[in-house]
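Protein chains: 2
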Amino acid sequence: MGDHTTPSLAAAVSNSGGLGGLGMWGFSGEEAERRVAGFRQQSGGGLNVNYPLWDHAGDLTDIGGPMRKLVQALYDSKNAGPIPEPKASVGVVNQEHLAMLEKMRPEVVSFHFGLPDAETMDAIRSLGIFVISSATTVAEARQLEAAGIDAIIAQGTEAGGHRGTFTKTDISMQPGLFALLPQVVDAVNVPVIAAGGIADGRTIAAAIMLGASAVQLGTAFLRCGEAQILDAHREALRNASDDSTVVSNVVSGLPARFVKNRLIEELTEPGVEPLPFPAQMAFMAPLEDTGDGAVAPLYSGQSAHLTREMAAADLVSTLAEETNRCFSQY
Amino acid sequence: MGDHTTPSLAAAVSNSGGLGGLGMWGFSGEEAERRVAGFRQQSGGGLNVNYPLWDHAGDLTDIGGPMRKLVQALYDSKNAGPIPEPKASVGVVNQEHLAMLEKMRPEVVSFHFGLPDAETMDAIRSLGIFVISSATTVAEARQLEAAGIDAIIAQGTEAGGHRGTFTKTDISMQPGLFALLPQVVDAVNVPVIAAGGIADGRTIAAAIMLGASAVQLGTAFLRCGEAQILDAHREALRNASDDSTVVSNVVSGLPARFVKNRLIEELTEPGVEPLPFPAQMAFMAPLEDTGDGAVAPLYSGQSAHLTREMAAADLVSTLAEETNRCFSQY
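Residue numbers (the numbering used here), protein chains in the order written: chain A, 1 to 330; chain B, 1 to 330.
Don't take every hint at face value.
SDA-like, lysine to any residue: derived pairs with alpha carbons at most 20 Å apart [claimed, not checked]:
1) A:168 with A:129
2) B:168 with A:265
3) B:103 with B:126
4) A:168 with B:126
5) A:168 with B:265
Using C-beta positions, here's what the derived DEER-type ranges look like [said to hold, decoys possible]:
6) B:190 with A:117: 33 to 39 Å
7) B:88 with A:310: 30 to 36 Å
8) B:328 with A:119: 44 to 50 Å
Sample of chain A residues at the chain B side, in silico, Cβ under 10 Å [as the list claims (entries may be wrong)]:
9) 62
10) 176
11) 198
12) 203
13) 239
14) 246
15) 302
16) 309
Derived by calculation from the structure, the hints in this document are not laboratory data.
Just so we're clear, the structure is a prediction, and the values are computed from it rather than from any experiment.
We treat Cβ as the ideally placed atom computed from N, Cα and C, and that holds for glycine.
Extracted from the complex, chain A is given alone in its bound form:
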């Protein structure tokens, strides 16, 4: 979950038996190195570095007019000033990042929205790094396996944040974790990591029953003190119910799950498309700066109600205890 993750959060997770992760969404190679170095100072454990991949370069000056109007109305109501001018960008693991990976050697690199080109994949794998990526359908899992991935994250529709979808499958046809996970496990030979709706021992035990080799939790760690999120975001997670969230592309340009709030409602209008990912996200920073949960993006999965406010190390050990207790009943 991008910059919600911090070196302290990742270190606390890795120090207590999990595998901590650091999102590298929009960070330069230098910033990425600083983040990994921060982790290394606090932990001798394994680290997972996550890259989103996109390719939407091009001049954005004249596109997204109707969306800019909706955004401007929201800014005006919050006195957030003029809206920023989004810049075109490409999300790749460039030479700067490859040099960082070679120097810092994170144990795991994960991707979102597919995989990089074969050359970059080879370069990363030649460093001995374990490479994983997300699949939201069996077809995507098969594609990842064919590309030589080491493990696959099966991301159910319950998951908070961005859908990892890299084929054209409509969100309305994507399976929930209960259906997705066993079908991915059956379809591929690499280990499968379950994601989406996992927040306590019961959900971990259920994922293992469905064939998962590991689980990935996102929203559950957002309420840890080490996560960098707005107080209003924490409050929204604390108050969320099972039907508080929605998948929308109005925050970033690609579908992601959020607590539904005024931001989502007012930027959603039939026929009005967001700017291409991640250009649309440029509109969000001034809204986040207001600190107002009504207009800030509130990333969340469907199990927010099961999450708890505790230190990350305590959460990891609590999850382990709960999971063991589930299995010891049988």
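Chain A is fixed; fit chain B onto it per the hints.
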């Protein structure tokens, strides 16, 4: 799943350790009695009788013009003749059905789309019948419990057939089973039955880990010889993948999950609404009569790929064996 269920299917399930179910969707009291009698002839076990509830009476003559045009185009392409004239109706457990319940005493009555009025509920409960209904959100589960229900079916978004939703919650905000089930279990004190995506021992074991007291399988039994479905429907289930299905209201007027086919695609047009449930369903019989899986409704959950073609009794015992094997690993 309405008339896909047969007395033979329900009897085979109940005779092999499960609880067989008979849908009473659109059946008269007399027809319902004949169905229950058919079950009793073949089984001394328990029976679950299912009623959908609706209230959309009124003159339909002049409504649904744009939808009728889409339907007519489909009929024309299949030489299915003029389209039937849907009749208004109300779905209640009327005196005729209450008399049937009193005479035949099915062990369980389940409802879809909420609960009947308090008087009807009392009448059914005074017969000693166990009453259950479906919830697609925690809020719905709480409403059912407050109304004195004996158990609640937590229906995840993975489920085939009609969403049991009886509040206005949009399908896009409804949780997958992995998120819904534990949150319903936490919210209510009555037993919770898991539904949606359950098709083999792994999925049953996972549902139990999430707190389910029982599981309900629909799509998994459609491929049994005892189910009354088109050959083309069986073939569609055999060939389905995890992302073959979609939730649509164009078949009946209410959202249900189907294998996406030409029927769904051609009746889906922005701004074109179906007739109110279940009037829209009147258009389906002549299309089903063509036997063509492209234009017949193909009810299916997201785990169709995990289902198997076998006799219902074999399926029940296979599911039990598989589930035991899952637990014996730990």
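Results for each hint:
no. : hint                         : result
1   : A:168 with A:129             : violated, 29 Å
2   : B:168 with A:265             : holds, 17 Å
3   : B:103 with B:126             : holds, 13 Å
4   : A:168 with B:126             : violated, 53 Å
5   : A:168 with B:265             : holds, 17 Å
6   : B:190 with A:117: 33 to 39 Å : violated, 54 Å
7   : B:88 with A:310: 30 to 36 Å  : violated, 56 Å
8   : B:328 with A:119: 44 to 50 Å : holds, 47 Å
9   : 62                           : violated, 26 Å
10  : 176                          : holds, 3 Å
11  : 198                          : holds, 8 Å
12  : 203                          : holds, 6 Å
13  : 239                          : violated, 13 Å
14  : 246                          : holds, 5 Å
15  : 302                          : holds, 4 Å
16  : 309                          : violated, 17 Å
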